[in-house]
Amino acid sequence: MGKGSTGIAAVAALAALVLLGARCEAGALEPDGRPAARLSDGLWISRAALAALPTSGPAWEALVAQARLPIPRPDLSNQDDPSNVRVLARALVAVRTADEGMATSVRAALRRVRGTERRATALAVGRELVAYVVAADLVGLEDEERAAFEAWLRRVAAQSFQGRSLRTAHEDRPNNWGTHAGATRLAIAAYVDDRREIARAAYVFRGWLGEIDGWQGFAFGALDWQADPRRPQAVNPRGAVRAGHPIGGVLPDDQRRSGPFRWPPPKENYVYEALQGAVTQAVLLERLGYDPWKWGDSALRRAFEWLHEEARYPAEGDDTWLPHLVNRAYGTRFPAPVPSRPGKGMGFSDWTHGAPAPPSPH
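Residue numbers (the working numbering): 4 to 365.
Keeping only pairs whose Cα atoms sit at most 20 Å apart, straight-line, the calculated EDC-like set for lysine to aspartate or glutamate is:
hint	residue 1	residue 2
1	Lys270	Glu312
2	Lys297	Glu214
3	Lys270	Glu319
4	Lys270	Asp227
5	Lys270	Asp321
6	Lys270	Glu308
7	Lys270	Glu313
8	Lys297	Asp216
9	Lys297	Glu308
In case anyone wonders, no lab produced these hints; they're calculated from the structure.
All chains should be built: construct the whole structure from the sequences, respecting the hints.
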């Protein structure tokens, strides 16, 4: 093939990539050109898988303990309200044990939480609401109640919270604000079966993980931890080096909260905060038929590798539910405490996803 033909082929390939990106951005397709996925059985876990889980052991006991804690006033405007994960715990226990009384208490909480978003920020709604959506999916709602819940979710998805909606936060903020917003955005879209919104959110997350045919419209803060400040990314690419030190897998827009670049790297908890939302998005998308664990050259695995190997910073506290999901996805062996603690929006993965999957070629 001559140089002219090569140039024509390159232009054609670029044009095809631009067209595919535009179609994905509009929300019609997955990045590989397939129709957007539809949820079949369970936002977070299938009922068959849930029914096979044990009802003994430290992970189960910790889950039951959370389910028995009081839920005095669910509040989406309080980004640290633990009611959401307690409701999620009740939903998991209710379905596994066929406890209709506990399921009824979940449905009551789902009614009481509506309207508490009025004075919230997008971060608070992003952190809090995803657990309620998954809980509703688990226990099930009757026709009229489900219709009312869905209508409320659609309003929340479009609502502005002090200047940002879940959508704009997901597409503007490449840090923990955006990842939490994306998790709730995806959960809502899957629950109401908005396939265009699912595809759009997948497109944004694909760009966050570093794929060039994904969303590229993020607004970055200080660039001290970026691999290439001229082309900032949400997750640094494999092999990235700064001042002779490896920074591939760093989440620069959260690691920057530790201050200017220095070594040894600070143990910055905002990185794990962003990963809570990111891993939640990955699980939701996997349930919808995507394979986000591979995106960005296995960006989520690389993020955990950097935290463990370079920052010497394994998950602690309310981040300990994360490595169970990452280990299952990649066949890795990151430290994964049992029992784990639930996070800001999700948790209990030591029980729901604790058994490792077969080693993966990711």
